[in-house]
Each structure stands twice: as C-alpha cells, then as structure tokens.
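Engineer: Okay, here's what each chain looks like letter by letter:
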Amino acid sequence: MVRPTQKRSRKAGLPPGTPMYIGERKSETTRLTLLHYDEHQAVEKPIEAVEECQSFREQPGVTWINVTGLHEVERLTQLGNTLGLHPLVLEDILSTDQRPKSEDYGEYLYIVLKALGHGDAGNEITSEQISLILGRNFVVSFLEGDSGIFNVVKERILKNPARIGKLGADYLAYALMDTTVDNYFTIFENLGDRIEALQESLIARPAPETLRTLNNLKREMLYLRKSVWPLREVVSGLQRGDSPLIQKATGLYLRDLYDHTIHVIDTIETYRDMLSGMLDIYLSSLSIRLNEVMKVLTIIATIFMPLSFIVGVYGMNFHYMPELGWHWGYPAVLLAMATIAGGMMLYFRRRKWI
Amino acid sequence: MVRPTQKRSRKAGLPPGTPMYIGERKSETTRLTLLHYDEHQAVEKPIEAVEECQSFREQPGVTWINVTGLHEVERLTQLGNTLGLHPLVLEDILSTDQRPKSEDYGEYLYIVLKALGHGDAGNEITSEQISLILGRNFVVSFLEGDSGIFNVVKERILKNPARIGKLGADYLAYALMDTTVDNYFTIFENLGDRIEALQESLIARPAPETLRTLNNLKREMLYLRKSVWPLREVVSGLQRGDSPLIQKATGLYLRDLYDHTIHVIDTIETYRDMLSGMLDIYLSSLSIRLNEVMKVLTIIATIFMPLSFIVGVYGMNFHYMPELGWHWGYPAVLLAMATIAGGMMLYFRRRKWI
Amino acid sequence: MVRPTQKRSRKAGLPPGTPMYIGERKSETTRLTLLHYDEHQAVEKPIEAVEECQSFREQPGVTWINVTGLHEVERLTQLGNTLGLHPLVLEDILSTDQRPKSEDYGEYLYIVLKALGHGDAGNEITSEQISLILGRNFVVSFLEGDSGIFNVVKERILKNPARIGKLGADYLAYALMDTTVDNYFTIFENLGDRIEALQESLIARPAPETLRTLNNLKREMLYLRKSVWPLREVVSGLQRGDSPLIQKATGLYLRDLYDHTIHVIDTIETYRDMLSGMLDIYLSSLSIRLNEVMKVLTIIATIFMPLSFIVGVYGMNFHYMPELGWHWGYPAVLLAMATIAGGMMLYFRRRKWI
Amino acid sequence: MVRPTQKRSRKAGLPPGTPMYIGERKSETTRLTLLHYDEHQAVEKPIEAVEECQSFREQPGVTWINVTGLHEVERLTQLGNTLGLHPLVLEDILSTDQRPKSEDYGEYLYIVLKALGHGDAGNEITSEQISLILGRNFVVSFLEGDSGIFNVVKERILKNPARIGKLGADYLAYALMDTTVDNYFTIFENLGDRIEALQESLIARPAPETLRTLNNLKREMLYLRKSVWPLREVVSGLQRGDSPLIQKATGLYLRDLYDHTIHVIDTIETYRDMLSGMLDIYLSSLSIRLNEVMKVLTIIATIFMPLSFIVGVYGMNFHYMPELGWHWGYPAVLLAMATIAGGMMLYFRRRKWI
Amino acid sequence: MVRPTQKRSRKAGLPPGTPMYIGERKSETTRLTLLHYDEHQAVEKPIEAVEECQSFREQPGVTWINVTGLHEVERLTQLGNTLGLHPLVLEDILSTDQRPKSEDYGEYLYIVLKALGHGDAGNEITSEQISLILGRNFVVSFLEGDSGIFNVVKERILKNPARIGKLGADYLAYALMDTTVDNYFTIFENLGDRIEALQESLIARPAPETLRTLNNLKREMLYLRKSVWPLREVVSGLQRGDSPLIQKATGLYLRDLYDHTIHVIDTIETYRDMLSGMLDIYLSSLSIRLNEVMKVLTIIATIFMPLSFIVGVYGMNFHYMPELGWHWGYPAVLLAMATIAGGMMLYFRRRKWI
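Protein chains in written order, with this note's numbering: chain A, 1 to 354; chain B, 1001 to 1354; chain C, 2001 to 2354; chain D, 3001 to 3354; chain E, 4001 to 4354.
None of these hints come from the bench; they were simulated from the model.
For each residue, glycine too, the CB sits at the ideal point set by N, CA and C.
Misleading hints may appear alongside valid ones.
[To be verified] Examples of chain D residues lying across from chain E (beta carbon under 8 angstroms, computed):
1) 3054
2) 3056
3) 3059
4) 3263
5) 3266
6) 3277
Put together the whole structure using the sequences plus the hints.
Structural biologist: This is the structure in structure tokens:
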C-alpha cells in the first residue's frame, strides 16, 4: 500500500501521452493470449507477434486478448497502435495509479478497475490495475501481474462456449468486471476477521500497538474506498447505456453488477464506521484503566495516611504523654487503627470503589 | 446479525445468474400456497406441483403465490422458469443479503425488502429477506422462513374479499410492503426500551460492559439503517409510477407508505443521534468519576501530610528540643494539628471540593 | 416529548386507511366551528350536526371549519365522508405523529404542520399536530387540543372581513400556517434563555446534572428539527404553485412564509451548534478542574515529602549521630526545612502552578 | 451579536405585512437623500417630503434614494406607498433580522444584504441590514444607521458622473453591493488578528478564559456565516440574469462580485477550521500539562517514599537492632539512601521523564 | 502561506476594475516573451514595446506571450488594452489571491490556476497565481515570479514544433495547465515525507511541538485544498466544451487533465484524513503515557505506604510493647515487610501493571 503520489512525480515534465510503466512488477514478462469464441467453439492461443491480433477484426464471434505484465512498453505501444488506441489510453494503461473510470472513445470504451489481492506477506492488501478495452467484437484486458484472476472466466468459456457465445463482447467485458468485483468479497472476508480480532484485543488489553494496527486498518480502508467508490459511477454509466457498444440485454447484467458494487461500498462504509467506533472504545478503555489505577492509589493512600499519622503521634518524644505509660495503650491504639481502616473499607465499598 | 460479506464470498467464481441459497435456514421445507381472489370470493390452496401455478394466468382476479423457505433450489428454479423469471432475479431471490431494491423487468417488477424480527434469544434483531414479484394479475412473495408476517394480510383477504378484490395486484403488493414496514415499528418499540435502559445505567454506573452494549446497539443501528434506507428510494420510485403495472389509485397508497418509510428512517436517525450522545455522556461520566477519586486522594493527602510532618518533627531525637520538655507541649501540638486540619477542611469546602 | 415510535406500533396489522386517534388528549370534546366570510361580513357559528358543513359548498366567499379535539373518531369519519376526504387523509389527520407534509388530492390539498407549545410543567416543549384541508372555497383545520392558536386569525377576520375577504381560501390557509410558524419564535425565545442559563452554569460549576440538562436540550432540539425541517419543503412546494388551488398573489405571501421557515431552521441549527460547543466546554472544564486538583496534590506532596524525610532522618535511633548532640541542631534543621519549602514554592511560582 | 430570535417574537400574532421596526437604533432620525445623475452631471439633495421622490420617475438618468434610519415607520410606509412597494417588502425592510436574499417583484427587485462593522467597544462585530430596491431607472437603499458605508460610492459618482452615468441603475445596485462585500475584508483582517493572538496565548498558557474567547469567536463565526452564506445564492441568482432589470454588461460585474463572495465564504470556512483545530490544541495542552504535573508528583513520591521507609526502619525502637550500634551505621545509611535516590534519577532520565 | 484576507482589505473602497498588484514580489522586472509557432517552425523573441504583441493577430499559427512579474501595473494595463481585455480581467490577473476559475468573455477565455512550489526556507509551500488568456490563435500567460515552471513546455515546442503545431492554441493552454498540475505531484511527494516523519515522531515521543507541526500541516492542507479543489470544476467546465475556443480533439486531453486533478484532490483528502487520524494517535499517546506514569506512582505508593506504616508502629514510644523486647523482633518485622512487598508485586504482575 504505497503512498498516493510516490509514482506520479517521476512523470512530471513529460509531454502528455508519453507511455511509461510506473508500477513495480518489472521482473515478469509481458504475455499476450488470444481467445476467440462463438456459439460453436472457443480457441485459445498465445500471441508472439503483436500483428497477429489484427486477424480477428473481420471474423464473426468475439475475441478476447489478455495482456499480462505491463513493463515492455515498446511492445505495448506497438499493440496500442495496431488496435488504434489513443496515446492517452496507452499512457493510462501503464500509469497504474488510475482511479476506476470508463471513457468513451467512440470506437471503443476504455474501462479501468482495481483488482484486490493479498500480498505474499499475508495480511496486507495489494491492488492491481485492470484495464479493459471494449470494441465492437473484441475485448482487450491488461493486467499488471499474473494473478490469474480471469482464469475462471476463461475456463467457463472454453468449457461451454455455447452459452456465452450468444452474447456479445460487451457481455465478456461485464463478466470480467463481475469476476473482479466478486473477488472483493473474498478480500473483505479476511478484512472482517482482522477487524474482529482487533476489537477483541482492544477491549481485553488496550496497548499502543493496537492503536497502530487500528490506524493501519483505517488507512487500508481509505485506500479501498478510493479504489472502489468511483466504480459505482463507472458501472452506472455503462448501465445507462450511453454507448452503442453496450447492448440492452447486457444492461440487466450491469444492473446486477451495480448492485454488487453498492454492496461492496456498503461493506466498506460499515467497516469504516466500526473502526471509528473502535477508537472510541480504545480511548475509553484507557480512561477506565486510569480510573482503576487511581482508585487503587486513593484507597491505599486514604487508609494508610491516617494510620501513619497516628503511629507518628505516638512516636513523638514529648516527656509528658500520658498514653504512652498506659498498660493497654499499645493494644488500644492498634485496635483504634484497625477500626479506622475497617471504616474506610466500608466507605469505599459503599461508594462501589471496591 | 452476521458480518456483511460472510456469505457472498462463497459465490465468488460462479457465473452470474447461478441460483444458490446463501441463507442459514436449511431445516425448513419449501412450501407454496396459492390464494386467488376477486370481488366475490377468495380461495386458498397449497401447491404441490409447481405447474399448478400456471392455471391463474388466464383467469380474472388476482393470484397471490406465497413461497416459504428458500433452500430447495431446484424446485424454485422450476418455479422461476414456469413464471418466466430472469435468471438474475432467481439468483437475487436466493441471495438473501440483497439491499432493498425494485427492478423493472417489463412484464413484472421485482421488489426486495427486509422484514425485521427478534431472534429466539430475545434482544437481537434478525432480518429476513422478502422478495416480491408483481405481474399484471399476480403477486409472488418469497420468504426465507415461516415468520407468518403476511398472515394478517391473508386473513384480511379471506374475511373480506370484496374490498381488496376491487383493487388490482399492485394493491396487494402494496399491502404486503405496508405490513412489512408497519412491523418495523414494533421492533423499534423494543429497541427504544433498550436504549433508554442503557441511558439510565450509563449515568448511574458507567461500566465497561455498558460501553460494549452501546457499541452493539450502534452496530445494530448501522445494520438497520442499511436495511431500511434504500427502501425510501424503492417506494418513491414505485410511487412515481414509472411502471404501467402500478395503477394511479395505488399511487396514493404508496405515497402513504413512503411517509411511513420516512418515519422509520427518521426514527433510526434519532436513535443514532441518541447513541452518539450517550458515548459523550459515558466518557464524561468517567471523567467526573476520576475527578471525584482524585479529590478524595488530594484531600486526604493534603490534610495528613502536614500533620505527619509535624509529628515527625517531635519524633526527632535532638538532645536540645525545648518543646519536648514543656508540660503542655503534647496537648498544644495536638491542638495545633486539629486547627490545621480544620483550616484545610474549610479551604476545601470553600473550593467546593467537599 | 415522547419516543418516536411509541404510538405507531399500536396500529401494526390494521389495514391501511383505518382511522384511529393515537394521541393522548382523550378528555376533551370534539368541537366544530364554522366561520364564513366574504368582503362584506363574517359570521361564526358552532356546528352540531356534521351535515351542516355542506351548506357552504355553493355559497360565494370563504368558509373555515375549525375542528378541535380528535378523539371522536366516528364523528370525524362522518365529517371526512361529507367533505369527500380520502380514507388515507383521515387516517393521517388522526395519526398525530406525522411529519409536516403537503399532499395534493386534486380537489383539495392536505397540509400537515406542527404547532409548538409549552407543557403545563413549564420548560418542556410540547407539539401539537395541525392538519389543514384547503379546497377551492373552504379551509378545514384540525387541532388536537384547545390551544387557541388560531384565535388571533379568527379575531382578525371578524374585526375586518373586508381585507381578508378579497383574498381567497388559499390566503386563509397561508394565514393559519404563518400564525403557526410565528408562534415558533416565542418558543425559541424561551429555549434561548434556557441555553444561555445552562452555558453560565456550565462554566461556573460543571456538575453531572448539567450534562443531563445539556443532553435533554439536545434531544429537544433533535425533535424540533424533525418537526420543522420538512416544513421548508412543504412551503417551497406550495409556493412553486404546482396546485391551481394556490393563486399567484398568495405566492408572494408564501415566499415570505418560506423566509420565516428558513429563519426558524437557521435558529435551530445555531442552537444545535451552540449546544455542541457546550459539550466541549464542559469536558474541558472537567479537565481544567482535574489539573487544578492535581496541582494542589503535587504541591503538597512535593513540599512535605522531603521535609518528612528529613525529620525521619533525625528520628533514627543510631547511637552515633553527631548532629543530634549539637546545641543548634534542632533550629538549624528547622531553618533548613523552611529554606527547602520556600525554594519549592518559588519553583512552583515560576512554573505558574500557584 | 444578539440572540437569533430575540426580536421576532414581538411580532407574533400581527397580520403579515405589518411594518414594525425591530432594530435597536431608535435614537437616530430617518434621513432621505436623493442623488440624480446621468452621463453629464450628478446632483445630490436631501428630501423632506416623501412626495419629492416621485419627480425622477419620468426623467432620464439614474436616481438613487438613500434612506438612513428605519424607526420612523409611518414616513417609511408613506415612501413605500409612493414607490409602489408591496407591504411584505416594507415589512422586511424594517425587520432587520432578514437573511440576505433577493426577490423579484416584477417592476423592481428587492435585495437584502448585511453590512458588517465593529461596535464602539471595539472587538465585537456588529451587523447592519441593508435593503436595496432596484427599479428600471432608480435604486433605493435603506440603512439602519449612519455608518456612511455608501459614502465612497456617492463621492465616486459626484466626482466622475461620466463613467458610471453610462451604465444603468443595475450597475449602481451592483456598486453598492460590491462596496458592502469589499468592506467584509476589513472586518476579517481584524478577526484574523484576534484568532492569531488567541492561538499564541492558547499554546503559551491555556486558561479557562481562553476557552471562553475561543467559544465567542466560534459563535461570531457562526453568525458571520449565516450573514454571508446566503449572499452567494443571491449574487449568483442576479448574475444568471433571470430579471430584465439586470443588463448583460452588468452580468460580468456580478460574476466578479460572485467571486468576491466565494472568497469571503472561503475565508469564513478557513477561520472555522482553524478555530476547530484550536480546541484540539487547547485540550491536548491541558493533557500535556496534566502529564507534566503528574510526572513531578511521581518523581518526588518515587524518590522520597523508599527513603522515608528506610529512615523509618532505623527509627524503630526494637531493643536488638545491631545496625544502630555500628559506628558507621549512620553515614552508611545516608550513603545508601543517596545511591537509591541517584539510581531513581537515572531511571527517570532514561525514561525521558526529566 | 499568508492569511486569507491580508491583501484584499487594501483594495476596499476602490471602484471595481481598478488594477492593483497585491502580491509581494516587487523586486522583479516585468518581462514579456513572445513565442510563435506553426507546424514548420517555432520562433521565440523578447518583447520590449507592448505594441509588438499586436503583430501575431493576422498570422497563421499559434502565438504564446509569456508575462513574468506583475508589479509594473501601467505596462500591464497597456498590454491589456492592446489585447482588448476587460478591466475586470486585468484586475483579477493582478489580484493574486484568486481562486482557480475560468471565465468566458466571448472572444477569449480567462483561466486562473495556482502553481505550487517550495519557499527558499525549504519546507513551507508557496503558491503562485497563474493567469491564462486563451484566444482564437493565441495564449497569454501571466506569472508572478520567475519560477520557470513553463520552461519545459517552451523547450518541447522549440525542439519539436511539428507535433504541437498541428494542434491549436487550446492545446497550448491545456499543456500549460497540465504542466502546472503535474508539478503538484512533486510537491505532494515532499509533503508525504513530512507527514510520515511526523507520524513516526508522534508515536515515539509526543511533544507539544509535534502538535504544532501537525497543526501547521493541517493548515497547509487547508490552503492546498482551497487552491486545488475549484480546479476540478474549471477543468470539467472546459472539457464539457461550452466554449467554441476549445476544439473537440483537445477535449480528450482535458478529460485526462480532469483525471489528474481528481487524483490530486484525492491525495489531498487522503492526507487530510491521515492528519486527522494522527491527532487521535497523539491524544491517545498522551493518555497512555499518563497511564504509565500513574502506574509507577501507584505501585510505589502501594508498596511503601504499608511498609512505612509498619515501621511507624514499631517507632512508637509506648512503654509496654512486648514485640520490641523480643530478640528476633527486628528480623521478623523485616521478613514480614519483605513478604508484604513481594505479595504486592505479585498482585501487580497479575494485573499486568508491571
């Protein structure tokens, strides 16, 4: 979960439309896969030369080109030119800190969304930018890494091309977006566990580290919010059917996707509210602890200060202190002190301090 | 009151439109009841074979099919096909974590709302998803369990079919929604009692458990809010009469229902404000307690420290301490100390500490 | 100031449109008064039989029927039927927990607003529901009790029918609403006094009861807000002139009324902000007090602990303690201790603790 | 800075349109001045008889009637009638607690805004209601007192009638509004000084009075906000050119005025944010102070309690305490105690307490 | 980072449209540079006489006049007249406390935005007003100082006029705005560093100065927000293409710029949220510290008070205290006290206090 501006500043001064990958996954190779399907069959093949992508243009059926790894800038520029993408689109595909958005370029729609995942270290949430190009009869998807998030869609197509083959490229784009959003729920499952664990430990023993964890969760939530919130507008925009690339039948599915997105946003807001509430619990736990500590101190002091005073009195060296000579003086004083201590205890008990 | 994402993650990866019941009431049987009525009579009969539902299609009057229990997915799929429901509708009916919504599918409206109830354990608020399908001359209602929430409507129809028989299927749908919303008030009655009891105990003795109760109430309120808030838009959408399935006469009733919904939302917001105010009370109660404890400590210390010092002075073993030899030295010191203690008390009284 | 849902739950399960008075003023009689006026004269008479209301229908001039007391449900139902009111209107008139609203029923407008008053006990703010039916040439007003809030309007008409007689029934409705809103200012006057008194006592001596008063005021403000806020929309709706029942000339007056309503809402918001600020003052007053208490404790302890230690030293029973034998030992020690105490005092004074 | 409702309640019960001055500046005389100008010349003369105002009606050029002092209600009523003002306008001119607004009465526009100033006592911000009537070829301005805020405009006209004479009455109205808004910046200058002074003293020595000052500033800011915020809508309404009384050329100037108004509102919001931040500083300053006080107490107690215990041990009167007889016992104990005290000091230093 | 109103008040009373430089960079000279380019070449030359600017009017290609330094008011007025600028535009160019805005004057657009930079002292963020005049075939840019922010655009044009020469003056205006916005990211990079450093030090050692730094950062953020937030509306307004001066092709680039602006605003909001969270951390750190201090005090007091009492008992001078005579009395008491101290320690350990 990097800082919001860390990467952008590298690009200051470059002319607009300059493609430059600003992500961090440099080690992987850029791989292109082409999947062509219609109602009768589905064929998948890897692409070596970018020009192979051209072939589908005149064919019936839907073509899905999946691009994994974004650091081979030159090859991607080539692909962009082959597909006729606007330089700004290519720049945005490589600038992996985009907010979710959808832009209508007439012949194609450019859609950005964020896939969430767990880093290798476990808890931390990572985010991967997914770019979709939706044309009349093709979809191009760009992924930063090889998370395999779209494999489930690929398998569904390969297994049963008949069902999805009847629907157009817009349905494929919907299916990819739907898979991405459905995936959020898995992430939130884990997040919910962490939040509940935190809440437990917050009440049991409020420690400074708990506060740090709380704060980290809050920051993650802020980040998630920023990744998901604009999606709502994106999906609702697509659903309203402003673009002729989206067929009416797909509109129903997009409405469903919109519902899911609202569900995701609701969840984030709920978590945010819970985390806010937890800070209050934390602070009042501290307050309660302080109260308890102070009560102990006050009880001890209130009992022993008067007693110490009394024994001090009989430790004075005045020559004429008749009590000192009494035979029962010592036990009498001990008894008096026991009575005082007992009385104090009773007083505290009545005040519900002990 | 389960976590918001608990159930959804099970469905990640399935193709959209896959019906799968994600609720928890697996034990009950799915039961279908058909109620047909017109101005002259009302007949109720249980349905065994799903195809029996077909019969009403061509008949005059209104047909109400009530489905209780959602776990027999296959039978419900059959029912959905018989009625010509879109796969996404069926999926949503079974996905019992929907937000209230209304979707127009041309030939029918799909309406989701939430019924609230009390769990067996008593206080906890449970929520049940209610799905309504409103067609030209029929209503299908889907309930998760057998809470009997719609019995009052059924009895009203059976007793007096003349009144409701003149109005169409849209009025029946309204009546079911109205019953659900009216039921909220009973739930809120109980909630109000709990909130007031909490407020009492908050001021009387602020304990850590009170805070936990407060927090639980806040979470419940959050949950209620999420269940009710979208209803407002649903009802206002229906009332605006976008769909030809809603007659103009029913619009007046929906406006009334809209009023009730606003009333419910107002109530929730009021409770939320009250709960927020209670946290402030709680924290300041803690602060007041701390102040009191510290005052006791300070009073005790301020009185006894100087006294202990004085008796310490006359406990010193210097050979030449003339006071020690005086005959009235001891009583004089005692008197002096009593004067000091009294003066301190006066000082504290003037400062309103005691 | 009752709980928001207390009354509604009694109605759960009843069919919509069932009239049932849910207020608490059962003891009073329902009284109907008819006031008919035109440019030349104004006549007032009490109504016994509900049918008498019919007479005005065909007459020129404006008729105002004032209904006081809402518990004689049957008589009111009769009146509603005579006037041709929709059952939902009658139900709403009797359900005295409505929010301010205005509903257009074609032939008449139904307007709900809230009159505020002081209970017998004094400070507590009470609220009374006022329903207005505005027809082409008549106004019917429904009041819960006999607060006499509309007497001033009645007298104005009786004294000078010429002025108001030129204006239509819509002006009368406006005049009634204006009187109700103007009355709010008197209530707020008193509320302002209470808030200022509270602020004084908050700074002077922050006590737990002050917090309770503060909280009660906040709740009242919440309640007032709910009673007044929707009025804004009501008046602005009427002013926009959607209904043919409102003449253009009256629009100017309604714009003025809208201004007053905004003024009222502004006042409520100002009070709310003031009350929020007062909680901060309260909490920081507590903090300041704690600081003061702790300073006293610390000063006392810091001065007397070292002194007690010194006298303890010379109270030890070692055989070889040369100071004990010195002739000036005792006064020297006293002097040393006085110096130490003085030094401490200086230190505290420099730190601005005393 | 009076209470928001103080004055209004006096008017409850009066019929709408009753003119009544509710301000407090009763002592001044109502003075009318007429300034007539066109491209060639500008003439100013005081008006005695209200009818003199009529003369300008048919003349070319622009007439500005400036009214100072609002308590001679009868004379103002006369003026209103002469000018053909609606009774509600007259009432609003005299009700000096209006919010800024602009109302279109067809033949003239009625504009209300607030001039801010400093009271005689210095710091406190006072507010004066300014009413403008903009007709086809005249402007009437109503001021509560003789603050002379419009003198600068008058002198500009008298000195150089050529420039402003080319522009219409709407430009004059704009110039008056612009002068009023520009004047706000002078007030804010002073306010900024006070806020910064407060911030200084807040960190230096947080005293209860500082909190009171902070709270007063907050209330003033609330008041300013209420006086200025609606102005935005007023100016933007005028600029949109809904009224034929506003010429297109003046629209550009009004857009500039709109900018200034936004600037003023931004400033108020910034000050509000700063004041909110200052409360946090204040509370945490208190917290820091408490921490410091407690550290002193703890250090003192932690050092002297063990020492006092040790000297107590050797003050016991057991017959067989071998140490008491040792020759180096006394110095040894003193040394031990010094070591303990030194160790404690080291411990505190490592914990960064001293 | 000056106070929001500091400069404006100097202008109160002047007639609208009076040009007056209110910035602080008086020392620099006003320099004008003209850059003319088309598809084939680009020529740059400094301008001495303002009239030289006229030449480009009839030429093909795009002319960019860059003005640096705004204090030579007369020369700028001359330039304004030459270009036919409205007096209000000139006044706004010189009033360097404008909010970002864009105003359509028919023949040209006037755009204001803010460039951010670092002051000489290092951390503090400075802001410079940038005014752009976009005409049919020219752009005039006004900068307060010589920050050289537009050099990168100039060099791009001089190096490769072919690319930018094909696009119109509107693209040049876009390029200047884009450069300004891209520059923000560099500023935010530094800001992010400071915020993170603060967060570190906040948890490690919460000192009053940290709070002051936190507060300064908050104020800067407020200032940034005010500088950037309106930009969003400006760019979206330009992009919507209301003005014929903006060509459709540039619209795509403006959409990209809009994206960047949203990105900037998101970043500011994220930082604001982080800073808010840090205050909570700060306050609870103080609370935790207080708790720790109080625990130390309580532990010390609770252990040594009973012990001091015991040794006090055996320091009493009663004649008949049998224990004093016992041979093992002294060691027995020492042992008893050690036991008590140990027990206390155990108790505290179990309560997790040590």
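Engineer: Could you work out which earlier hints the structure fails to respect and list their numbers in ascending sequence?
Structural biologist: 1, 2 and 3
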